[in-house]
Amino acid sequence: MTIDLRETRLPGIGVKYAFTTARGARLVVILHNDGEREVYWYRRRSDDDPRAVIELHDDEARELGALLGGAFERPKIVEDLEMALGELLIEWIPVPEGSPAVGRTLADCAFRARTGITIIAILRDPEPVTGAQPHDVIQDGDTLVTVGKAGQYPAFRKLLAEGPFEDA
Amino acid sequence: MTLSQLAITVAVLGGMGLVVSRFGLSAIPAYLLAGLLLGPNEPHQLSLIEPSEVTDFVAKLGLVFLLFFLGLEFSFSRLVGTGRHVVVGGAIDLVANAGLGLIVGVVAFGFSFAALVLAVAIYVSSSAITVKGLIDFRRLGDDETDLVLAILVFEDLVIAFALGFIAGGGGELAETLALVARALTFVVVGLLAARFLTRPLDSLLDRLPREFFLLLTAAFVAGAAALAAELGLSEAIGALLAGVVLAETSVRGEIEERFFSFRDLFGALFFFVFGLSIDVDAIGNVGWLLALAIPLTVAGKIGGGYLAGLVGEFSRRGSFNAGVALVAHGEFTIIVAQLAASNPQVSPADRADLLAFAGLYVLATATIGIVLMKESKRLGRRLLRPRLAPESA
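Residue numbers (the working numbering), protein chains in the order written: chain A, 534 to 701; chain B, 374 to 766.
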């Protein structure tokens, strides 16, 4: 069943999305131009007063959205973004401070062989590495763009943060 | 106006704004009231500030920034998204309230240009107060909020048109028509310019360092306002059009961010300076007019909104809420009266009456409107019980 989502522009305020749930409640989400979000919950479709209104800042709304979207493995690091591609996730993972992986090539670290996670790019200043190769070296301050399944990430994060890696 | 007078003024505005916002009221009537108290007219005890060239200029800046921001919100791609209620709901609201306004105007000033001005002033609700109420009273999620905002958009369009003739019209019919033609030409040329200027302006402004960005944008806005004034139109329509031109550029968000504080400061001073010109003694002249106009406004706005809601297939209570939300009058009523007061075709006596009427009328409807809006759901439940069975059955 597809959900009948109604979009309305609120001039000077933002955009409003509304739909009725299978249980007959009405949910309205307001995206304010200034980044704030509001969620209105009407217990029945015909209610003229909302039972609850939730106000969220931008970062809180993203967090809630990811939670509701089923990304329950989501770690606490705030700057991570994620995107569900069917079974797959694309995650942006900053290299933790003091990681033993720093200074090693991707081939040395063997992330894919050991955890199933593939590193597809490395974000760093001034030039990001697109299409990461086995000989690329991880540096302090890098953010790794990775593809993998949700269940593989805990092992990957542990390995990235603590090692151990064989000496090259 | 000296620096110390400015300091006291701004402090009073801030203090009074804070107090009324504690009670959930809009700041606009508070600013008017501050002007009324500190101004040269009755009551005299607090008279501190005389209207002067300086206060006039500050008010002009406020007017320019208020309309510049209205223009920035105006872009056509945004208008289209607001949907079907704009035309039907807006037209019902216009016929009902401009009609009632015209009756009040004719009763007050006879068949004259001033009557037309009064009709516009009574027709147009306050976008600022209504939107603030919708947010504060948690109405954004309600269905009928779409209708309220659509009607406000329609009113903005009508006001943009009315600005074209209020400051200069009212002489010979041919002259007024020529003026309207000039205003339309100015707007059309401006909109065409918007199409062709958007891209060059965009790339120019995008590349500028911060401080020059600010200066050049301000120059553009002031220039458009001055040009319109030079053509015998009002500064207001020039500033509005400058906003429309910049609304489609990619730097729109940045412009809003940089100029918000200018609008808030000079906008507050605009209402304050208007308050200076309100003479409470004139209540003898306009008291009966207020007593006529205020109940008609409450009835007209609620009735018009209710009807527009039913036509738009909203629930009866929802339609009632929509009408109540439109009762408050504010910035546009003041702007219209201010522009008409600078029009030489309006006689000095009518001008004084118009100013006093607009100020007191806004004080009254803004307060009544917010109080009614706060209670409208409870009122609606009392007055409009859901029908259990079709009435014919």
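Any given hint could turn out to be false.
Stated by the list, open to error - Far from chain B, some chain A residues (derived; all Cβ distances over 10 angstroms):
| id | residue |
| --- | --- |
| 1 | Ile546 |
| 2 | Ala551 |
| 3 | Ser579 |
| 4 | Pro583 |
| 5 | Leu601 |
| 6 | Ala665 |
Claimed, not checked - Between beta-carbon pairs, the in silico distance windows are:
| id | chain 1 | residue 1 | chain 2 | residue 2 | range |
| --- | --- | --- | --- | --- | --- |
| 7 | A | Leu597 | B | Leu581 | 48 to 54 angstroms |
| 8 | B | Val460 | A | Pro627 | 48 to 54 angstroms |
| 9 | A | Ile623 | B | Ala566 | 42 to 48 angstroms |
| 10 | A | Arg578 | B | Leu546 | 32 to 38 angstroms |
| 11 | A | Ile536 | B | Thr571 | 50 to 56 angstroms |
| 12 | A | Ile536 | B | Leu588 | 30 to 36 angstroms |
| 13 | A | Asp669 | B | Val561 | 25 to 31 angstroms |
| 14 | A | Ile587 | B | Val427 | 46 to 52 angstroms |
| 15 | B | Gly397 | A | Asp658 | 46 to 52 angstroms |
| 16 | A | Gln666 | B | Leu581 | 57 to 63 angstroms |
These aren't lab readings, by the way, just hints derived from the structure by calculation.
Virtual Cβ for every residue (Gly too), placed ideally from N, Cα, C.
Taking the hints in turn, this is what the structure says about them:
{"no.": "1", "hint": "Ile546", "verdict": "7 angstroms, violated"}
{"no.": "2", "hint": "Ala551", "verdict": "8 angstroms, violated"}
{"no.": "3", "hint": "Ser579", "verdict": "7 angstroms, violated"}
{"no.": "4", "hint": "Pro583", "verdict": "6 angstroms, violated"}
{"no.": "5", "hint": "Leu601", "verdict": "18 angstroms, holds"}
{"no.": "6", "hint": "Ala665", "verdict": "33 angstroms, holds"}
{"no.": "7", "hint": "A:Leu597 to B:Leu581: 48 to 54 angstroms", "verdict": "38 angstroms, violated"}
{"no.": "8", "hint": "B:Val460 to A:Pro627: 48 to 54 angstroms", "verdict": "52 angstroms, holds"}
{"no.": "9", "hint": "A:Ile623 to B:Ala566: 42 to 48 angstroms", "verdict": "44 angstroms, holds"}
{"no.": "10", "hint": "A:Arg578 to B:Leu546: 32 to 38 angstroms", "verdict": "54 angstroms, violated"}
{"no.": "11", "hint": "A:Ile536 to B:Thr571: 50 to 56 angstroms", "verdict": "37 angstroms, violated"}
{"no.": "12", "hint": "A:Ile536 to B:Leu588: 30 to 36 angstroms", "verdict": "49 angstroms, violated"}
{"no.": "13", "hint": "A:Asp669 to B:Val561: 25 to 31 angstroms", "verdict": "59 angstroms, violated"}
{"no.": "14", "hint": "A:Ile587 to B:Val427: 46 to 52 angstroms", "verdict": "48 angstroms, holds"}
{"no.": "15", "hint": "B:Gly397 to A:Asp658: 46 to 52 angstroms", "verdict": "49 angstroms, holds"}
{"no.": "16", "hint": "A:Gln666 to B:Leu581: 57 to 63 angstroms", "verdict": "41 angstroms, violated"}
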